[in-house]
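Since each chain sits alone in its own frame, please combine them into the complex, following the hints.
Taken in sequence, the protein lines are chains A and B. The C-terminal position of the first sequence is numbered 554 in this note's numbering, with every residue numbered one higher than the one before it. The C-terminal position of the second sequence is numbered 542 in this note's numbering, with every residue numbered one higher than the one before it.
Please note: incorrect hints may appear among the correct ones.
Not everything, but these chain A residues come out facing chain B in the computed CB check (under 10 Å) [what the hints assert, rightly or not]:
#: 1; residue: Val157
#: 2; residue: Asp178
#: 3; residue: Ile180
#: 4; residue: Ser299
#: 5; residue: Ala317
#: 6; residue: Tyr321
#: 7; residue: Tyr451
#: 8; residue: Arg463
#: 9; residue: Glu521
#: 10; residue: Gln526
Once the Cα atoms are required to be at most 30 Å apart in a straight line, the calculated DSBU-like pairs of lysine-lysine come out as [as the list claims (entries may be wrong)]:
#: 11; chain 1: B; residue 1: Lys285; chain 2: A; residue 2: Lys496
#: 12; chain 1: A; residue 1: Lys492; chain 2: B; residue 2: Lys369
#: 13; chain 1: A; residue 1: Lys525; chain 2: B; residue 2: Lys471
#: 14; chain 1: B; residue 1: Lys355; chain 2: A; residue 2: Lys525
#: 15; chain 1: A; residue 1: Lys313; chain 2: B; residue 2: Lys285
#: 16; chain 1: B; residue 1: Lys377; chain 2: A; residue 2: Lys525
Quick caveat, the hints were computed from the structure, so don't treat them as lab data. Glycine residues also receive a C-beta, built at the ideal position from the N, C-alpha and C atoms.
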Amino acid sequence: MTTTRHALITFGLVLFTVGGALAKKESAVPAALSKQKQLALVRVNVTGQSYDYFRPWQKKAPFSKRALGAVLSKGRVLVTADLVANQNYVELERAESGEKTAATVEVIDYEANLALLQPAEKTFLDGITPLEIAPDTVVGDRLAAWQLEPTGALLATEGLVTTVQMMSYPIDVGQFLTYRISIPLQYRENSYTVPLVKKNKLAGLLLRYDSRSQLVDAIPAPVIMHFLKDAESQNYRGFPSAGFSFSPTRDPALREFAGEKGKNAGGVYVTTVEPGTPAMKAGLQVGDIVTAVANNEIDQNGNYVDPLYGKIEFTNLLTAHAYAGDIVPLRIQRSGNPMQLNVTLEHRDAKDYVSPPYNLDQPPRYYVLGGLIFQELSRQYLKEWGPNWQREAPQRLVYLDHFQSELFPDRNRRVVILSQVLPANSTIGYDELAYLTVTKVNGKEIKSLDDLAEAVKHPIEGFIKVETEEDPKQIELDAAQVGAEAQDLQENYGISALHRLN
Amino acid sequence: MKRILVLIYATFLFGPVLDAQESTPAPPPMEPQAPERPGPWRSTSPAQAAVPVPVPIAPPKPNGPIQKSLVRITATSVEPDYKAPWNAGGLERGVGAGFVISGNRIMTNAHVVANSRYVTVERDGDPNKYPAKVQFIANDCDLAVITVPAPDFFKNMLPLQFGGIPTLESTVSAYGYPIGGERMSVTTGIVSRVDFQLYTHSSVDQHLAIQISAQINPGNSGGPVMQDAKVVGVAFQGYSGDVAQGVAYMIPTPVIKRFLQDIGNGHYDEYPDLAITYAKLQNPAQRRFLGLKDDDRGVVVSSVVAAGPSNGILYPGDVLLAIDGHPIASDANVELDGEHAQFEEVVERKFKGDSVKLDVLRNKQPTTVSIKLYKPWPYSVQGHSYDVRPRYVLYGGLLFQPLNLDMLEAYRTADLRVRHFFEYFVLDQLYVQHPDVIVLTNILPDPINTYLAPYRGGIVDEINGKKIRTLDELAKAFTDSQDRLVIRMIGDGPPLVLDRKQVEAARERIMTRYNVLKEQNLEEQPASKAAEQANKT
Chain A
53 MTTTRHALIT FGLVLFTVGG ALAKKESAVP AALSKQKQLA LVRVNVTGQS YDYFRPWQKK
113 APFSKRALGA VLSKGRVLVT ADLVANQNYV ELERAESGEK TAATVEVIDY EANLALLQPA
173 EKTFLDGITP LEIAPDTVVG DRLAAWQLEP TGALLATEGL VTTVQMMSYP IDVGQFLTYR
233 ISIPLQYREN SYTVPLVKKN KLAGLLLRYD SRSQLVDAIP APVIMHFLKD AESQNYRGFP
293 SAGFSFSPTR DPALREFAGE KGKNAGGVYV TTVEPGTPAM KAGLQVGDIV TAVANNEIDQ
353 NGNYVDPLYG KIEFTNLLTA HAYAGDIVPL RIQRSGNPMQ LNVTLEHRDA KDYVSPPYNL
413 DQPPRYYVLG GLIFQELSRQ YLKEWGPNWQ REAPQRLVYL DHFQSELFPD RNRRVVILSQ
473 VLPANSTIGY DELAYLTVTK VNGKEIKSLD DLAEAVKHPI EGFIKVETEE DPKQIELDAA
533 QVGAEAQDLQ ENYGISALHR LN
Chain B
6 MKRILVLIYA TFLFGPVLDA QESTPAPPPM EPQAPERPGP WRSTSPAQAA VPVPVPIAPP
66 KPNGPIQKSL VRITATSVEP DYKAPWNAGG LERGVGAGFV ISGNRIMTNA HVVANSRYVT
126 VERDGDPNKY PAKVQFIAND CDLAVITVPA PDFFKNMLPL QFGGIPTLES TVSAYGYPIG
186 GERMSVTTGI VSRVDFQLYT HSSVDQHLAI QISAQINPGN SGGPVMQDAK VVGVAFQGYS
246 GDVAQGVAYM IPTPVIKRFL QDIGNGHYDE YPDLAITYAK LQNPAQRRFL GLKDDDRGVV
306 VSSVVAAGPS NGILYPGDVL LAIDGHPIAS DANVELDGEH AQFEEVVERK FKGDSVKLDV
366 LRNKQPTTVS IKLYKPWPYS VQGHSYDVRP RYVLYGGLLF QPLNLDMLEA YRTADLRVRH
426 FFEYFVLDQL YVQHPDVIVL TNILPDPINT YLAPYRGGIV DEINGKKIRT LDELAKAFTD
486 SQDRLVIRMI GDGPPLVLDR KQVEAARERI MTRYNVLKEQ NLEEQPASKA AEQANKT
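In isolation and in its complexed conformation, chain B is listed as follows (with noise of 0.2 Å):
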């Protein structure tokens, strides 16, 4: 059930501090379970609202000198704007935290430089602010490393050392840029939760997480939180004051060290997944059903997404008894390194090209099965992108885009069909019908579709007659069409009848109207060259 479990309560990432002159507030959750990004918190604004509290400060002293690890980022980003796709999109500043591991680089977090175009570092006690370059963005786990090209950078730089998991009620410190001044703060709290969490930069991805007491604000994103000198985690997300107070989240060294590994060949391969949901077999007469001895053991599998590695090797009714050796009891847990841990944190572990071993039980008979693991596309529908240009057709003014959250969220849309289709996009396999689900999402008024407001929301079905699948498919259709295009939308309603030499009478005035310049764009390329170089690297 990994994937479909939801966040109820509204998270939100220490995102990068904005600046003023972007400061369109975020949009309001589309799904309860969505997460929520802090509104801008303006550095030089002067009216700051809350006046801070003299606190006396005694300088902490056993992680070391920080000062000469840590450093303060500043990245300019484009975010994306799917409501005109055709437009670069609106700038953004933040501020965030980042801190010297070996090898000349920087750790922070994703997404303290997701989008950027243009990032800096600078650090304590030098004047000078440095430009630096991202290598390696991991946004499913909200991770990344930056470089900075200048020589001299690193020379008096101590890179840090990781640790490991911290033992509960130790107590951690938090270092950072946030709110309430502009050199570094530190703040302390003890290790609360070690478990699962939703990574809301992504906001589809879910891996260990470790909470933590100490005050984390924005700023502090992208920070260490250290134990005994050594990185224990990196700070990157929590609660909104009015939901929870003193909860706060990191990125533990598991994680970490995984993401360093992974980009170890030079490139990021993100975390493979099983791509199954299962449900645990607490109930007595489910297990004697299912020919299960009574002995708290194995899960079992509800479904196998068909675009995942398991599909074909899995099937629903299986139980799955252990995973590479290691028993997985009934509520899903299993032992890792003296640890209880879902059994996920085995695939967690893993890379893309990797195997894991499973016994299972079918139709009462023992079996193993292997399997090669990667990560199953259609997840990224559901999640945030990065560094990408949104695809999107546009067609005598109307704007068709393929279904994902960014579009969703733009739009606000409420429309029970589309939600339906995001929602139950994997779980209802609708992305073997609908690999790319597009919607007619905005239309540019003119008078050849004067009358077709109606259709907007809908879902394309088909073209002439012909099933449409994919954005190209869509953009095939319309170029190889003849006079006329009848679109049909999924459900009742009329087709949308368009005229073919009309609309190309249309194509300059549309354009030139609505300053469009670029009438598709059909691959997901990397936004700027910048992303474009790190994905190289």
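Excised from the complex, chain A in its bound form (with noise of 0.2 Å):
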């Protein structure tokens, strides 16, 4: 009885001791008011719930996230893809008053990691100067990475810019422009996005850090610039990309195979061109060089030398400087026959991969059969192991995943898995069954969940009959009795709808 009085008691001083302390530093805000006034920050408060891909039918428990947004003209407030991604509710919070707003996700772009919020309330930015875009930080720049105190104070750390690359994103769909800072960041709330400024212009957002050698990476000003441009056209269209890959020409033994005749010549030997793409319907093939991209000659490493940073990979001429629709020249040598061909570049959307890299803010695709359950393989789904699913996921579907544009060329398909079997009265002696990837049911190939649920409804003498590629190689269930266990699954394992194919 005694303790639990007695840390009553201390709880209660501790919270004083907090609001004193608040009420003190409160008092001080109004003389750096017209100050903070400049300041184009606004915190961000999300909510959220991430899909269950083990339970495909439920969303996880709620989490929420604060950070702050960088405030640009028209209203609008910048932060990262990642902030907001399977959002159910943002909110915007001004940093000086604390007032608060609900706010919506106007334009969203996860593969670039960037996303435009607005708030409900029009009148809400109102006295805030928006950020402008500085859009030519270069190497040895120093840029200040902007923080919020809790009062509502700024707290701005200065630091170097030390490289300017192309880099994969946390998404890892192609490779965008990444500035590399040197920057000693301290640790404040949960700040997921933090503006990163020069001479009070917003140069970059941050992309990741890591608090061990005090590396930041961020998304530079040329990618917001775009994103925004992109943004204010009717239909958001994407970062654009061509669909070929390629491998250096340094190797002269490689290069006289190739046909490439001059020692010092550059262009990079062309790897794949996969089906489908902008380089394919342009005519690109294997073995070519390509030597020159948007009339920007490339070196043996796939370089070119831009105006502004000196040289960088030509993959920058397409994502930063081109967009979906834009035709681009790329010169070739064909054993050792110049040429050019012109490429309409696209945006590779998430949905036209076999195995697709990102699924967020929509809910999985599933299929439960009598304790069956089927889904559609997706980097989404292997990342539910954990940030070492490289490793720990199964490793056959890591395979399928990583070669799936070797493995699958026709693309136009899904690979559906029998990802985990609930015991049921059907699934009796499959229980241990998991991660196979399905061939056919009751006869019919399997492309899609579509396919399964189609197939699904034409069992062959009462038993639906599955097919794997891995052992066991098929299994059946009786059809009638998938049916009249329904509901009683349903209700055991708490399964509100038994799929879902939109």
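So, in structure tokens, the structure goes:
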């Protein structure tokens, strides 16, 4: 009894001191208010829920994130896509007054990790001078990371831009221009989005931070500007890609093999051209040497000379400088003969992959059949195994995802997997099966869950026969029993709906 | 499913006790199921961390004068170096136990004498070390028979007799030379379990094994486990202390007797295998679909290994109802001598060339097939090899090696494609296209290959348009080639192009610079004269 009371008293005291401290600081705010008004920062509070790919009919427990948004012109707030992905509710909060309003996600690009928010109350951002964008950051510049103290005061940390290069972003689709900055960032709240500022202009947005090496990777202004420009059009198109992969041609033996004569001539060797992509439509072939992109000569490593950054990989010409629909000339050498191909760039949507690289803000598709759970292979599913999913997820599925363009050149399909089995009367003896790739159901080839949903409607003499690539190769269910058991199964395992196909 | 069952817990061999000189720690497991070898226990190390607690010794007598049968075996072995396969490899010395059996022979574990170059035997009360010879070695069941040429060695020794499978809960005693001292040690425990287990010495074979609660430690390997003055098992493997305690395994007498019978013809032929995978038939709907009665019988064939004896005789979807007249239950068990055992046990007791009769239900029609048994080769890729020199081809500083477990562990490769080829070599029948999965494992840097580093880890698909299936074909493609070699790897990526003249010009240079004694080894020939003789006898 006494211990409880003691604890209560101490707790009360603590509350009091904190309250006192807050009140005290609050009083200091008005003096700096005019300066605070200049700060084009708002707090962004996000509550969200991601889908549970192991129980695809439900969402996981809610999470909340708190970060900063950069206020841009026309009442828009720029944040990372990571912050607002799978959101249920987004709220903006004025740093100096604590005033809040709901916000909507206007445009989101998961690949470039950028999103634009708009406050519900149009007047909410009044009095804030929006940030302009500084597009010209180069190696050697100093950028300030803007964070907020709990009081709303600015916490600025300066760092040096050490590298500007093409890198993978967290979603790992394509390569984007990235600033690397050496900066000793302090921990404030859980800042997912930290603006990087050069002379009071927005130079970039924090992408990731390694506290040990104190290195920040930032989404640079050119990528942000590309995103903003695209966002102004009616339909956001997304960053374009050409659809081929390449390899350096430093090896003289390879150059000679490819018919390259000049010893110091540049160009990269085309290793794959994916079907249906702009590169294939333009007639690019494996073995071609690409020597210039958009009239920029490229060297043997694939770099062109950028007026701002110097040597940088030519993919920057396709992502930061070009838009979906643009026609980009490629100069190539085919068996020693120079040619020009005009590639009409397109954005490749996540759904255009056999195993989609991401699936956010959208529920996963699934089909429950008498305790057997069928899903479509996606990287989002594999990521349920955590940050080390590449090692920890079922290796066969990781292999299928990783080599998908090589294994499924036709592209136009999904890989349906029997992901797990919920024990039920109809699945006795099958309960240890998991992560099998489904080839046929009732004799019909399965290339998507829609195929599966259709095929199960046609049992063979009362049996549903599922064939898998891996052992045990085949299993059968009693179609009538599956139907009769469905309701019990739903109740027992709390399955809200037996399938979701849209 | 016999072959694809994986050992979930890390087990280790009570391997030979290693001397300090070659104490590179064992590579970490490639896969969760990879076996773990013990760190070296240094018998002479003064810095022994654990202080032994004195325990009063009550000399055991029930099993008779074991000292007259038990020997201490010291083996000096050479571990092949898969990263520099032209080298002889590292020297290791280990201690294990053995015991005298009929015919002036000594039985021990294969892993005590595998890769050995020189073996000596000591016995209680005799100051001499006797040179010994390996007669037969069975790496698939971790047993070996060695002998001592010295004429008088066996004179005063008592050969031990074998018993049967001890009953659960009965007490057994293990004898050997484990950590804690120089002389013979005895521990006792009870029989905990009789089941199929992975034998980690090859790490691909499963046989019957008996779990006992007796303390067994490095140095116990090869020692007899006794009950009522008879050998009921040979101590061989267990879990390391941080995984599970009091879990040790011995090789039971059915496996031992089978080994002794197999070598009766002067040659060890290894275990034959049906080389199929199957699934239990416990689902009522599946049973009805396959046309089975509700009688709890039968398992269904999932896949048939094309390189195995069942190819063309059994087919996926066949239901196996009985094996040599023993009905197979739907959980894959049969009744053998009044005991329940997995139906593979029937095959386990047979020898190469024997036949097995299977009652099959195929497309709902009963039929009977007979299969002449042998060991399908592809499995050996997934297990450890011993007493062989690694195969390789070195060309232009590029080292090409066939994929196998030893190579994979040496390089600790994390490459997704290489690991896939290893894991699914048998199950996905990858060996049909690639009997050797030839990996460019390493590059010895030289001006002619300075730009080729990105090709490392690639699997060779074709050379100058011709598919390369084996290491021999690779070597031939290199000798037969014209001016230019265009090597295509599996998957995307540019071809690897070599100029033959340049390679020839660099040949001496590379061999000298990297002290390469031999540019290729195409045959898995015995690694030593001793091993060669053992193979011949």
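These are the hints, each one checked on the structure:
With a cut of 10 Å, the hint placing Val157 of chain A at the interface with chain B is violated, because the nearest CB-to-CB distance is about 35 Å. For Asp178 of chain A, the interface hint is violated, the least distance from its beta-carbon to any beta-carbon of chain B being 54 Å, above 10 Å. Here the hint on Ile180 of chain A is broken, as its CB sits about 49 Å from the closest CB of chain B, past 10 Å. For the restraint placing Ser299 of chain A at the interface with chain B, the shortest Cβ-Cβ distance is roughly 5 Å, inside the 10 Å limit, so the hint holds.
Of the supplied interface hints, the one on Ala317 of chain A is violated, with its beta-carbon coming no nearer than about 16 Å to a beta-carbon of chain B, more than 10 Å. At its closest, the beta carbon of Tyr321 of chain A sits 5 Å from a beta carbon of chain B; the interface hint therefore holds under the 10 Å criterion. The closest approach between the C-beta of Tyr451 of chain A and any C-beta of chain B is roughly 5 Å, which is under the 10 Å cut-off, so the hint is satisfied. Annotation: Arg463 of chain A was flagged as interfacial toward chain B, and the flag is violated, the nearest CB pair being 15 Å apart, outside 10 Å.
A cut of 10 Å between beta carbons decides the hint on Glu521 of chain A: the least distance to chain B is about 9 Å, and the hint holds. Here the hint on Gln526 of chain A is kept, as its CB sits about 7 Å from the closest CB of chain B, short of 10 Å. Taking the CA atoms of Lys285 of chain B and Lys496 of chain A, the gap is near 25 Å; set against the 30 Å cutoff, the hint holds. Between Lys492 of chain A and Lys369 of chain B the alpha-carbon distance is near 21 Å, which keeps this suggested pair within the 30 Å criterion.
Restraint check for Lys525 of chain A and Lys471 of chain B: not satisfied, since their Cα atoms lie roughly 33 Å apart, outside the 30 Å limit. This hinted pair checks out: Lys355 of chain B and Lys525 of chain A have alpha carbons roughly 29 Å apart, not beyond 30 Å. Of the pairs offered as hints, the one joining Lys313 of chain A and Lys285 of chain B is violated, with about 63 Å between alpha carbons and a cut-off of 30 Å exceeded. A threshold of 30 Å between alpha carbons decides the hint, and for Lys377 of chain B with Lys525 of chain A the separation of about 25 Å falls inside it, so the pair holds.
When the structure is compared with the earlier hints, violations turn up for hints 1, 2, 3, 5, 8, 13, 15 and for no others.
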